[in-house]
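J.: Residue numbers (this note's numbering), protein chains in the order written: chain U, 1 to 136; chain C, 1 to 136; chain F, 1 to 136; chain G, 1 to 136.
Mixed in with the good hints, there may be bad ones.
Which copy? The list can't say, so a pair holds if one copy fits it or any two copies do.
[To be verified] In silico lysine-lysine, BS3-like type, Cα no more than 25 Å apart, as pairs:
#1 K101 with K86
#2 K86 with K104
#3 K86 with K98
#4 K98 with K19
#5 K19 with K86
#6 K98 with K4
#7 K24 with K104
If you're looking for bench data, these hints aren't it; they were derived computationally from the structure.
Number of protein chains: 4
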Amino acid sequence: MASKEEIAAFIAAEFPQTKCIVEKVGDGGATVWHPVGHDELRPGGTVSGPVLMSIADVALYVALLGEIGMVPMAVTTNLTANFLRKPAGDRSIVGVCKLIKVGKSLVVGEVYLYSEGSTDAVAHVVGTYAIPPRQG
Amino acid sequence: MASKEEIAAFIAAEFPQTKCIVEKVGDGGATVWHPVGHDELRPGGTVSGPVLMSIADVALYVALLGEIGMVPMAVTTNLTANFLRKPAGDRSIVGVCKLIKVGKSLVVGEVYLYSEGSTDAVAHVVGTYAIPPRQG
Amino acid sequence: MASKEEIAAFIAAEFPQTKCIVEKVGDGGATVWHPVGHDELRPGGTVSGPVLMSIADVALYVALLGEIGMVPMAVTTNLTANFLRKPAGDRSIVGVCKLIKVGKSLVVGEVYLYSEGSTDAVAHVVGTYAIPPRQG
Amino acid sequence: MASKEEIAAFIAAEFPQTKCIVEKVGDGGATVWHPVGHDELRPGGTVSGPVLMSIADVALYVALLGEIGMVPMAVTTNLTANFLRKPAGDRSIVGVCKLIKVGKSLVVGEVYLYSEGSTDAVAHVVGTYAIPPRQG
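Construct the complete structure from the given sequences, taking the supplied hints into account.
T.: Here it is as structure tokens:
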């Protein structure tokens, strides 16, 4: 319902700190890409957990916007992350979101996060966004 | 088992990006404090969810270190956050962690996050850290 | 807003399979008690995880009813359980719920589950109930 | 590593109360089937949340056994369920598990639960099993 360009502009306004690039959106899902550099690393050269969760949070919002259109006041109500493998310190993170429920008031989706080029997920996130009631 | 000063130095090294200040540690818990400024805010003047999760993650690690001593390779395996209320955009965040299990390989704790000065939590987090096996 | 007796009758109707006894309700929380016998045990004499989650689910509902009155169509939307210690096979389970958010549409609470007589929790659960909109 | 028949016998011994039938196992996943009758229903003719979580728990264990062989003492450490839609009261529940990490000490998987014949999931579960260290 909203184009990739509209959504990218919207995300840049809503999450001014994010470095996420919207790669793909539609069909009940989204793919985002996030560079990894000094700001994202912990000692040992691994991407920090909160960075992974923030990428998942953006991927979910992008997928949601792609499905139901621009909803500025949607808020995350619940997010569960499982950290699976140590991410590479020298590769970007790719987040692939699939929505699993698009309700009137709640949207639930899951996100697999990968070090670019790998097919083993570094983390898995399930999150819920609450959609504000639409005024008539 | 470790002093507040030792832990603060350790956290500064392990999480070089964090702005968290260790306020209290011991008795199976910890309290951390995090300033809120431009970097932490989303439009509407509210603290972003990933910032809250990162504070909870640090509070858990601080509590863990206070309980079992310096464990450099502990990693978060699971983190569940419930976002409860809109945080104030002009107040710091305080994270209060209580450990609920300190096992040999897994440590579980919960963290209540507050806008400073309020007693209504803005978020609640439960997280698990895996402790690497000790070499003999 | 609802008495312990009203709530006990309501729970018996809503969860006809539960063996939970309502012990206490009010002040934003509730305590329930559940016997442990053959039906609840796994080999090795431990209470199964799903039994623990079902007790937590009831404790949350009881606390919610105590806070906002009889709401027949409330449904669990999210539940996260951490299993902490092996429950005793010969002791009842006690579930102690504290609500952490009572909103118009979502109620969030946490539940500590204990083997009766012990102060070390066997499991910790955080759950969310969605409240149906009230008709005017 | 273990056949469907071996696993079915094992599950019957480990979870004596379960009504789950193992339909498929292998390739890092499993499918289980659970009948729905009076014991599983709540008023309004819907399957209770704890029943759904118990099916997911079994599906995870089945997938785990299929991957790493018979491990009698594996225990669930964490389970997060999102309830998405009202299950039909007159249809069986099918649980489809996919493992997302098979580590030496932790196994993580996700389970989609469906009312038989539907492709819209009624619930989604992510869970972690801890594997006991192998004696040499």
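J.: Could you tell me which of the hints above the structure violates, numbers in ascending order?
T.: Result: no hint breaks.
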